Amino acid sequence: MKFQPLKPWIMGNNSVNPMNFYGKLEPYLEYGAFLGLDICCDLYLANTVDAGNLYDSWRKNKKYIEDVCELTGTNEECGYDLDNEEKRWVLETLGEPPVNCYNIYFITIYNENEERLVYIGKTDAKNSRFANGHLAALKLHNPQYKQYDKRVYFGTIMFLSNESQYIPLEFILPYEKAKNYLDWMEGFLIEKLHPELNERQEDIGKMKQLSVVHIQNYSGVSDFMNDRFIYA
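Residue numbering for the sequence shown follows our numbering, starting at 1 and increasing by one per position.
To be clear, the hints were calculated from the coordinates, so they are not data collected in a lab.
One thing to keep in mind: the hints can contain errors.
With a straight-line cut-off of 30 Å between C-alpha atoms, the simulated DSSO-like cross-links for lysine-lysine are [what the hints assert, rightly or not]:
#  : residue 1 : residue 2
1  : Lys87     : Lys60
2  : Lys206    : Lys62
3  : Lys24     : Lys87
4  : Lys2      : Lys62
5  : Lys24     : Lys208
6  : Lys208    : Lys192
7  : Lys24     : Lys179
8  : Lys60     : Lys7
9  : Lys206    : Lys24
10 : Lys146    : Lys192
11 : Lys24     : Lys177
12 : Lys7      : Lys62
13 : Lys179    : Lys139
14 : Lys63     : Lys177
15 : Lys192    : Lys179
16 : Lys208    : Lys2
17 : Lys206    : Lys146
18 : Lys24     : Lys192
19 : Lys177    : Lys192
20 : Lys60     : Lys2
21 : Lys2      : Lys179
22 : Lys63     : Lys192
23 : Lys63     : Lys206
24 : Lys60     : Lys206
25 : Lys177    : Lys206
26 : Lys177    : Lys150
27 : Lys63     : Lys87
All values reported here derive from a predicted model rather than from experimental measurement.
The task is simple: from the sequences and hints, build the whole structure.
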C-alpha cells in the first residue's frame, strides 16, 4: 500500500513536515537505505497497477505543501506548525496528503523450487512501462522460461539523513537530484544483484558511498528477498 509522506504533518504527530522537504536534507549514504517491496502481482497484470512515477508524486507533494501554507498561513518561521482545527480545515478543503510512487520494480520467475530475480527497473516514466509490452516481459517468452511463472514486485526507496530522519525521494530537492538518486539506486541494485535480463550496467553515481540496502518484502504474496541486506 502506498504511503503518504506528509501524513504525519496533517494527520499525525508532526514527525514529518515541510521542514523535511524544504530543509534540503541530503541522504547520508553511510547509514544505508531501505527498499520496501510493497505489492506483488502476476506479470501479466502489471499494467493494471497504478505505480505512479517520481515526477508526478514529487510535484504533487510540493503543491500540497504550498496549498496548505496558503490556506492556513503557516510557514517556516513557525516550523509549519498546525493546530488540530487547522488540520481539520486542511482535510476538509484539500483532502488527505498525496501518496508516493512505487519507484523500483523487480521482475521474477518462480516455480515450486525457487524464485529468481531477472529484471530491475524504475518507474520514472509518465506512462506505465508495462502499458504497451515491456521488453523484459517479451524476453520471458523465450522457451527457457517456459516452466516458470512470472511476477513483478513494486517497491519504495527510503534514505536517512545524518540525523536519522527519513527521506523519501519525494523530499529531495530539486527534482533533478531526486531523479538522480533513483537512477543511481537502480544502477546499484543491478550491479549487486546481477539480474540476467538487465543487459546494460547503469551509472551508480553517489551510490558508491552507500553502505547497505535493506530490502523488506511487505507484499504478503511471498517472502522473496525479505530482510535481505545488499552490501556495497
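Hints and how they fare:
| no. | hint | in the structure |
| --- | --- | --- |
| 1 | Lys87 / Lys60 | holds (18 Å) |
| 2 | Lys206 / Lys62 | holds (25 Å) |
| 3 | Lys24 / Lys87 | holds (24 Å) |
| 4 | Lys2 / Lys62 | holds (17 Å) |
| 5 | Lys24 / Lys208 | holds (21 Å) |
| 6 | Lys208 / Lys192 | holds (12 Å) |
| 7 | Lys24 / Lys179 | holds (15 Å) |
| 8 | Lys60 / Lys7 | holds (13 Å) |
| 9 | Lys206 / Lys24 | holds (17 Å) |
| 10 | Lys146 / Lys192 | holds (26 Å) |
| 11 | Lys24 / Lys177 | holds (11 Å) |
| 12 | Lys7 / Lys62 | holds (13 Å) |
| 13 | Lys179 / Lys139 | holds (27 Å) |
| 14 | Lys63 / Lys177 | holds (18 Å) |
| 15 | Lys192 / Lys179 | holds (20 Å) |
| 16 | Lys208 / Lys2 | holds (28 Å) |
| 17 | Lys206 / Lys146 | violated (39 Å) |
| 18 | Lys24 / Lys192 | holds (29 Å) |
| 19 | Lys177 / Lys192 | holds (22 Å) |
| 20 | Lys60 / Lys2 | holds (14 Å) |
| 21 | Lys2 / Lys179 | holds (19 Å) |
| 22 | Lys63 / Lys192 | violated (36 Å) |
| 23 | Lys63 / Lys206 | holds (28 Å) |
| 24 | Lys60 / Lys206 | holds (26 Å) |
| 25 | Lys177 / Lys206 | holds (11 Å) |
| 26 | Lys177 / Lys150 | violated (33 Å) |
| 27 | Lys63 / Lys87 | holds (17 Å) |
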